[in-house]
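Novice: Mind docking chain B on chain A? Use the hints.
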Amino acid sequence: MLSQKLLQLMSGNDAIAYAVMQADVDVVAAYPITPQTVIVERLSEHVAAGRLDAEFVPVESEHSALSVCVGASLVGARVFTASASQGLALMHEMLYIAAGLRCPIVMAVVNRALSAPINIHGDHSDMMGSRDSGWMQIFAESPQQAYDFTIMAYRIAEDRNVLLPVAVNIDGFTVSHCYEGVRVLDKDEIKSYLPRVPRPRLDAETPMTVGAMFSPDYYHIVKTEQVKTLQQSIKHFKEAAKTYPARDVQYDVTHVLNPGSRVVVVGLGGVMGTVRHVARNMDVGVVSVRLFRPFPVEEVRQQLENAELIVAIDRAYSPGAPAPPLASDVKTILQDMDLNIPVWSVVCGLGGHEVRLSTVEKLLNSAVEAAEHGVKTRIQTYITEEVTVT
Amino acid sequence: MMKKPREEHFELIFVGRGGQGVVTASRVLAEAALLEQKFVQSFPEFGPERSGAPVKAYARVASAPIEIRAPVEKADATVFFESRLTQVFKPVDITHSGGVVVIGCREPSKLSVGDGLQVFTLDAQEIVTSLQRPLSLNMVMLGAVASATGIVSLDSLKTAVGKKFSPVDLQALEQGFMKVVKHETG
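Residue numbers (the numbering used here), protein chains in the order written: chain A, 1 to 390; chain B, 1 to 186.
Bound-form chain B, shown alone:
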C-alpha cells in the first residue's frame, strides 16, 4: 500500500473505451468500499454508448454521506485503461495536484504525464493476454488502483468480484494489485 487517501472524501475518474468495462470497474470499486461500511457513489459520464469511444466513469468514497450529484471535475485518483487515452483527457486536467494517476501502459519510459502527480503504471494488456481474457482489463485496473491508493482493500474487492465474476477475473484483479509500480520520471 503506497498511499493513504488524503481525505475521507475521495474521488476517482476511470478513463477507458466503451466496452472495456469502465463503468463496471467504478461500480465494483463502490461495492467493495460499501462492504467496508463507507459511503459510496458510482456513475458513468452520461451520453451515447459507443463501443471503442473514450468513456469516463466516476466514483466517490467517503466517511460521511455523499450529497454531490455532479461529475468529478478533478479527481484524487484517475485510472487510464490505456496510455493513449492520456492524450484525450490530460491527467493534469482531471487530477488534483499531488493526486494518483494509474496508467495501463506497455512502455512507461515513453510516458509524459506532467508534473506534480504520483504516476503508477502496469502492463495491463500483457496480464490479460497471459490470462487469455481481454475482458478482464477492468479487473486488472481495479487491482492496480486499489494498490496505488489504498482506498479499498484487496480483500473487499475480491469479495465484490467473487460474487458476480469468474475466477479468472479474481486472478486479473490480484495480478493488477501486485504488478502496478510507481513510475519514476526523469
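Chain A extracted, bound-state conformation:
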C-alpha cells in the first residue's frame, strides 16, 4: 500500500503542473488559455514558492511561448509549455521549427475546439490541425495518465535517439477539470527515471549553427531522417512505459479491452473510458490509442484483423477529406492489410458536446446488432443523443 501522501486529489491540469514541477524543468514559457489556464497558474505558484527552480517567462503570445522554449531547449534546458485551441493555432509555425530543430520540448495540449463559432469546450480539432507538425502526440484519458505521461514524455523526448518534441494531450474540461485520485512518484524515483542526459547544444565555447537554409538537394534528407526518427520513437515510448516506476499500471502505445471481439471500437482520449465502461459486459473490443503520432500501426493492426465491424471514433472533422483523422488512419491500415472490413466512422463530442453513457450504449448495441446480421454498410456520421446509425 502506498503512503497516503503520494495519493492526492488532483484535476488533470493540477496533475500535469505537478509532474512538470517534479520533472525539475529549467524553463517554463506559456500563455494562459482556457481550459489550460490552471497549468500555467500552478506552475507560476510552484516557481514563486520556490518549489520549482525554473525561469518562468510570462510571454505575450503562444508564438513567443514556443519560441522561448525552442531557444532554451537548444542551449540544453529542460523546458515546458502548455496551450490549447487558438493558442496552439498561433504556435503553428513554431511547432514545425521545434520538431525540425529536434528540440525535446514537452507541451501539454488541453484539447479544445477552434473558432468560429467561439467555443471554449473540448474536442480534438486543435491537435488534429497540428497533426503533421512532426511532434510525438500522446493522449491521456485521466488525471493519473496526464501525470504519468508528462513524466514519461521527458524521458522519451530527451532520449539521444529521439530528440523530438512531445505533446501530451488531455481533453479540455472532462479531464483537465475533473478531480480524481492521482498517485505521484517520489522525488528520488523521478530523479533516476529522468536523468540529465547531455545532448548537442548551442554553446558559445564551441559555436555551431542550427536552423540554417537547406537547398533542395539536402532539405529532403533532413526531413526524411526526422520522419524516420519519429516512426522509430514508438520503441522509445515502449521503453519509457516499461521502465516507468509506477507500481500498478503497465502502459503501452494502445490499451486493449476484450481482444478478439466481433466489433472493435478504436478511439482517442477520455471518451474511450466511457466506451470501455459500456463495453466491459459486451462482445465489443475497445482499442484506446495512447500514442497517436507515431501511429502504432502494428499494434492496432493486430486488434483489427479479425473484426467484423470497426467503429472509429473521432472528436474532430477533417473537412473535405474522405474520412476524419483517426478513421483515415484505420482505413489506411485495413487497405495495407488487404482487408475489407466495414468501418463506421463516428464523430462525436465536438465543442464539448456531452458523450453520454446512454449514447454510447445505443451506439454499441447498434454495432453489435449490425455485426450479427453481417453488416456491409460503411457509415460516416456525427453522433447525437438520438444515435441513428443504419
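Possibly wrong hints are sitting among the right ones.
Here are some chain A residues pointing at chain B (derived, C-beta under 7 angstroms) [to be verified]:
{"id": "1", "residue": "Phe173"}
{"id": "2", "residue": "Thr174"}
{"id": "3", "residue": "Tyr179"}
{"id": "4", "residue": "Glu180"}
{"id": "5", "residue": "Gly181"}
{"id": "6", "residue": "Gly273"}
{"id": "7", "residue": "Arg276"}
{"id": "8", "residue": "His277"}
{"id": "9", "residue": "Pro294"}
{"id": "10", "residue": "Tyr382"}
Straight-line Cα separation of at most 30 angstroms, BS3-like style, residue types lysine-lysine; simulated pairs [to be verified]:
{"id": "11", "chain 1": "A", "residue 1": "Lys191", "chain 2": "A", "residue 2": "Lys238"}
{"id": "12", "chain 1": "A", "residue 1": "Lys187", "chain 2": "B", "residue 2": "Lys164"}
{"id": "13", "chain 1": "B", "residue 1": "Lys90", "chain 2": "A", "residue 2": "Lys362"}
{"id": "14", "chain 1": "A", "residue 1": "Lys362", "chain 2": "B", "residue 2": "Lys74"}
{"id": "15", "chain 1": "B", "residue 1": "Lys90", "chain 2": "B", "residue 2": "Lys74"}
{"id": "16", "chain 1": "A", "residue 1": "Lys235", "chain 2": "A", "residue 2": "Lys331"}
{"id": "17", "chain 1": "A", "residue 1": "Lys235", "chain 2": "A", "residue 2": "Lys223"}
{"id": "18", "chain 1": "B", "residue 1": "Lys163", "chain 2": "A", "residue 2": "Lys187"}
Calculated directly from the structure, the hints in this document are not laboratory data. The model shown is predicted, which means the values in this text are computed figures rather than measured ones. Just so it is clear, CB atoms sit at the ideal spot from N, CA and C, and this is done for glycine as well.
Specialist: Structure of chain B alone, referenced to chain A:
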C-alpha cells in the same frame, strides 16, 4: 447511518446555485472518500459560471477504477441545496428509483418530490444563520448527505474539511450530519 450504498459504484449529483460552493462540496466529498482508499471522481457541469444560476456538480465513489467520463444522468443520491431547485431539476428525473434525495428545506411538509425515493431534509439555512456563516451551506449539505447515504464517514469528511477550511465549517458539517432527518411522505 441510515442506508449503505447499494453498490461499489456510487454516483451523486449536487444541485445548488452558482456561488453556494456546489463544486467544492463535490470535491470535498471526493477528497474524503479518497482518504478511505476509494476510487473517486468529481467534476462540475461545464458551462458559463454565473452567480445565482442553478448549477450541478457530480461525484463518483467506487471500489474499482472509474473509467466513465460522462456526466451522471441518474444518480444514486442527489443533494439539493435549496428546495426550490427541485422545480428546476426534478428529483425523479435525476435520481434512480429507490435512491436518496437530500433537500435543504425550511418547510418539509410542503415538499412534493415524487414516489419511489428516499427523501431526507434539514433546515440548512437555519443552521448557517445560527452559525452566522452563509458560505458554510455546502458543508451543511455535505454532512447531511454523508449521514443519509453512509457513502463516506463523518471522520473522513472532517479530515478533508479541516485541512482547508475553518472551524466554523467543521461545525456546519457536523450539524448537517446530525440534523438531517428522513422525510415521511403522506
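Novice: Run every hint past the structure and note whether it holds.
Specialist: Results of checking the hints against the structure:
With 7 angstroms as the threshold, the beta carbon of Phe173/A comes within range of chain B, its nearest partner Cβ sitting at about 5 angstroms, so the hint holds. Hint status for Thr174/A: holds, given a least beta-carbon distance of 5 angstroms to chain B, under 7 angstroms. With 7 angstroms as the threshold, the beta carbon of Tyr179/A comes within range of chain B, its nearest partner Cβ sitting at about 4 angstroms, so the hint holds. The restraint placing Glu180/A at the interface with chain B holds, with a minimum CB-CB distance near 5 angstroms, inside the 7 angstroms limit.
A cut of 7 angstroms between beta carbons decides the hint on Gly181/A: the least distance to chain B is about 5 angstroms, and the hint holds. Restraint check, Gly273/A versus chain B: the minimum CB separation of about 4 angstroms is within 7 angstroms; hint holds. Against a cut-off of 7 angstroms between C-beta atoms, the interface hint on Arg276/A holds, since the closest Cβ of chain B lies about 5 angstroms away. For His277/A, the interface hint holds, since its Cβ comes within 7 angstroms of a Cβ in chain B; the closest pair sits about 5 angstroms apart.
Annotation: interface hint on Pro294/A violated; nearest CB of chain B at approximately 25 angstroms, more than 7 angstroms. Residue-level restraint check for Tyr382/A is violated (minimum Cβ-Cβ distance to chain B is 17 angstroms; threshold 7 angstroms). Of the pairs offered as hints, the one joining Lys191/A and Lys238/A holds, with about 20 angstroms between alpha carbons and a cut-off of 30 angstroms not exceeded. At roughly 25 angstroms between alpha-carbon atoms, Lys187/A and Lys164/B fall within 30 angstroms of each other, so this suggested pair holds.
For the hint linking Lys90/B to Lys362/A, the alpha-carbon distance of about 25 angstroms falls within 30 angstroms, and the restraint holds. Using a Cα cut-off of 30 angstroms, the hinted pair Lys362/A and Lys74/B holds, with the two alpha carbons roughly 17 angstroms apart. Restraint check for Lys90/B and Lys74/B: satisfied, since their Cα atoms lie roughly 11 angstroms apart, inside the 30 angstroms limit. Restraint check: the Cα-Cα separation between Lys235/A and Lys331/A comes to about 23 angstroms, which is no more than 30 angstroms; the hinted pair holds.
Of the supplied pair hints, the one linking Lys235/A and Lys223/A holds, its CA atoms being roughly 20 angstroms apart against a limit of 30 angstroms. For the hint pairing Lys163/B with Lys187/A, the CA-to-CA distance comes to about 23 angstroms; that is within 30 angstroms, so the pair holds.
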